Every structure is written in structure tokens, then in C-alpha cells.
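Chains as they are written, first to last, in our numbering: chain U, 1 to 133; chain R, 1 to 110; chain Z, 1 to 229.
Simulated from the structure, these hints should not be mistaken for laboratory data.
Please read these numbers as outputs of a predicted model, since none were measured by experiment.
Treat the hints with care, as some may be off.
[Said to hold, decoys possible] Here are the simulated DMTMM-like pairs of lysine to aspartate or glutamate, each with C-alpha atoms no more than 20 Å apart in a straight line:
| # | chain 1 | residue 1 | chain 2 | residue 2 |
| --- | --- | --- | --- | --- |
| 1 | Z | K131 | Z | E90 |
| 2 | Z | K21 | Z | E75 |
| 3 | Z | K147 | R | D35 |
| 4 | Z | K131 | Z | D174 |
| 5 | Z | K131 | Z | D48 |
| 6 | Z | K21 | Z | D66 |
| 7 | Z | K131 | U | D95 |
| 8 | Z | K21 | R | E26 |
| 9 | Z | K147 | R | E87 |
| 10 | U | K101 | R | D100 |
| 11 | Z | K147 | R | D62 |
| 12 | Z | K131 | Z | D104 |
| 13 | U | K101 | U | E73 |
| 14 | Z | K147 | R | E39 |
| 15 | Z | K21 | Z | E170 |
| 16 | Z | K21 | Z | D222 |
[Claimed, not checked] Non-contacting residues of chain U with respect to chain R, defined by C-beta distances greater than 10 Å in every case (computed):
| # | residue |
| --- | --- |
| 17 | M1 |
| 18 | D7 |
| 19 | E29 |
| 20 | V40 |
| 21 | E45 |
| 22 | R69 |
| 23 | I72 |
| 24 | Q77 |
| 25 | A126 |
| 26 | E129 |
Positions of the beta carbon are idealized from the N, C-alpha and C atoms, including for glycine.
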Amino acid sequence: MTVRCVDWYGNRSLLVVDIALTCCALEVEAAAGRAVRGEVVELAEVTAQDRVAVVVSGTVTDAVLPLVREIIEAVPQAQVVAFGACASSGGPYWDSYVVTKGIGQVCEVAAYVPGCPPPPEALEHAFHEILQG
Amino acid sequence: MTADGTHGKIRLIEENCTSCMICARECPVWCIQIDSHTEVDPTAPAQQTGRGMRPRTRNVLDRFVIDWSLCMYCGICVEECPFDALEWNGAHVAPRPSLDALSFGIDELA
Amino acid sequence: MLSTRSSRGETSLNKDSMTTKSIIEPTEWVDRARAAREAGYTFFDWLDCVDELPVEQFRVVLGLQDATAVPLQLECRIPRQEPVLDSLREVFAGAAWAERELADLFGIRFRGGDPRRVLLPDSYAGYPLRKDEILGARAVTGWPGAKEPGDEAAAAGRRRMVPPGVPDPEVWGDRAADAAPASPAEVAASAAGGRVRRARADRARGERARGDRAREDRAREDRAREDRG
């Protein structure tokens, strides 16, 4: 499994890994299209000084959960952003027999972004919280 | 009614709410919680004339919470409210560092 | 919405029902699918199922198209208590995947089909798309809409409300120990939501619905038999 980050602002102030699961991923891509200035950074190049955000965008099904955990655990100093209702709480699928009720069930989350889906600006807003925090 | 109809945040107009429970019941994800109690309504005309009828009562809203981490922003609650106590309020709900912070009560929904 | 006299290919005025539909006996399922393919309906579009509760049967429907995208639907009814049907994978290889999905979601066994699960984990017990399958999370989570407006005491006389998807606990979930298990039709009807109805009205409604459906089915089969014969 290869995990890559994107240097979001092009000044190494924030590296972002996007775990693109379902519809919310489209909003993250829209945000990326507008905002991303930098290049891809391999995991091996990440240093202790880097801030790294791991965005979980979409529904975390039980089937996909082990892979999502693996990615989060592979990323050093990961700050998890639960993007959208599904990643935050299971969202409209909270009652499903095969959905994890939010990625917060299995790891620490730095920012919960409400929405179904949230607008692309909400991702920037969450990043500012992490950059400041 | 709504400003531009954008499905951002939902506002509660407390004075219009009669605690009828319709929004909480229609919500597909069960993200609205309501508590209310019954009080005698001193302003009801029958009450004031004191004609010996049964006391007129009204329901008073105690607690109204929307859990934004569950909300789908479908707007069914806004459409179903018979008293126009819910409306779209434009701006989106901001990201928060915890799930608890995403449950908004009456004051935060105003 | 459905077309009439399907095997003659009549269409009604509603453009949604331009599709020719034929009802097939389970024993003829594979042969008729092969005949349709040989008649030009070479494109396997979809294979799906409807749980016909309170009628105790599954309706399996095959959607095909010919080279000009003219659609054809073949449907077949199988008993809900023993849902078995021959696999179509020899006629349409693509049907194997759809059959695995129906096996996972409805519990239909396809003779000669691919026995592997496609969607659900091996450990999953139950058939999620059956109408008597209850979402456990809904049944155990307190529904915010269960409260009546105002004080508890004021609501004492009203019948309880249950949300869609949650049956009356007396039917499913908290049934009396000495009561026989509720039938699938009772569970499905109870999970429709709304005010909890009295048992007698429910039974009467269920029987009427079953009677009506059985009459409709017989009438439709009679017409289809006339057309074929």
C-alpha cells in the first residue's frame, strides 16, 4: 500500500492525505482543485516538523474500515479530519448493519466537518483549525 | 421564509415553535430532540373570563437540539413545520473539534 | 404503471410501461431466458427481486435489452418459505454477480449459481432487503419522536407512535414469552410506522390484502395463460 500526501498550500505548511470513500470525496476534490499549489510528498519524506492532515471523506463501511485504519496508522503525526456526516457519525447510514458510526469510533479526530456533503470551503475552514491548533 | 434557500444551517424561531414534535418525527436520521411541558395559558380568553371551563393549556418548549453531525440537510423539518419555526439560515455549520460541539441547542440555533 | 397482457407485447399509454413483461414459471426460467436471448435480447441489463409480503413470495425480475435497447422483462414468482431458482449464469454470464447479490440480500438460492457472498460479511446472519428484516440499530435507539408534546400525563390516552422501520415491540423485540413468533407479514406490517394499531384491525387488514393479491395474481395468470394458449 502506497500512501502519498499533497503539499496543500505549496509552502510545506500542511500535508494532506485524502481517503476518498464516497460522495464527500467530490467536495474534497473540488477544494483541492481550487487550493492545491504544491506537489506530492511521499510518506518517507515526511519530517517531524510537518503538519499532516488525513481527511476521511465519505461513508466508512465495515468492509473498508480495516484499510482506512491501516492508512491512518501509516501516516506519521496524522490529524484526522472527519469530512461529512458519514465520516463524523455514520450520518444517514448510522442505522446500517454494515456501517461504522464515524471514524471517531476507532481513532482520535482533530476536526469534525458537518454536512451532507459539506461545501468545499468547509475543508479549508477545518484546515485553519488544525493549523492554528 | 428563507433567504436564498441554500441548504446551510437551519435556524429555530423559538417563539413560533409549539413543540408539536412533527420535525423530530419526520427527520429521516432522528437528529432532532425536543423536550416540552404543559402550562396553563393565562392569556387565553376563556381563562381570563374565569367561566369555570377546563383550564386552557399550551405546550412550552424546554429543549430543542439538532445534532449537526447526523443532519443530512435535507430540509424535511423546514418543510414539515406547520408553524414556520424552522428556516434555512444560509451560512454552513462550521467544523468543530468534538462531536458534542456539533449538537446545537435553542440559543445556538437562533 | 405495469403493462397489460404482457406476453402479447401490448403497451399502455404511459411511456413508463413500454416494456414488455412476461411472467414465467420457475421451471421454465432458464429456457425462456435463453429463448429471449436467441430472439435478440442479448444484453443482460439487471436482475432484481421484490419481497411481496404480505403475499408469501418473492418476485424475481430479469431485465434484458436487444441491440436497439428495446427492453424486455421476464419475471417469476418463487415461494418465500423456500426461495430457490435456477441460475441464469449459463445463459448470461453477467447474471452470476446479480444472483450473488440477491442471495446475500434476500436469501434466494440459485441452483448452479456462484455460491460466494458478494456484499455482506460471512458472519452476517439475516437478509437485509426482506421486508421483515428490522434494522437493529433503529429498534434499540430511542426515537426522539416517541414523545408526545407537553407533559407525559397529558399524553396518557394516546396510542403510542413508532417510527418507520421499527415494529411494535409486542410484535417484534419484546414479544410476550408465551406468544407464537410473529409471521413475516405481521413484522413487516408492524414496521410501517405511525400509531401502533390494535392487533385485530391489523389481522383483518392483512387478510384482506392477502385475498386481494391472490385474486390479482390468479387473474393475471389466467390472462397470461390465455395469451400463450
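Here's how the hints hold up against the structure:
| no. | hint | verdict |
| --- | --- | --- |
| 1 | Z:K131 / Z:E90 | violated (30 Å) |
| 2 | Z:K21 / Z:E75 | holds (7 Å) |
| 3 | Z:K147 / R:D35 | holds (8 Å) |
| 4 | Z:K131 / Z:D174 | holds (19 Å) |
| 5 | Z:K131 / Z:D48 | holds (15 Å) |
| 6 | Z:K21 / Z:D66 | holds (14 Å) |
| 7 | Z:K131 / U:D95 | holds (16 Å) |
| 8 | Z:K21 / R:E26 | violated (37 Å) |
| 9 | Z:K147 / R:E87 | violated (23 Å) |
| 10 | U:K101 / R:D100 | holds (15 Å) |
| 11 | Z:K147 / R:D62 | holds (13 Å) |
| 12 | Z:K131 / Z:D104 | holds (14 Å) |
| 13 | U:K101 / U:E73 | holds (19 Å) |
| 14 | Z:K147 / R:E39 | holds (17 Å) |
| 15 | Z:K21 / Z:E170 | violated (41 Å) |
| 16 | Z:K21 / Z:D222 | holds (15 Å) |
| 17 | M1 | holds (28 Å) |
| 18 | D7 | holds (21 Å) |
| 19 | E29 | holds (18 Å) |
| 20 | V40 | holds (25 Å) |
| 21 | E45 | holds (28 Å) |
| 22 | R69 | holds (19 Å) |
| 23 | I72 | holds (17 Å) |
| 24 | Q77 | holds (17 Å) |
| 25 | A126 | violated (4 Å) |
| 26 | E129 | violated (6 Å) |
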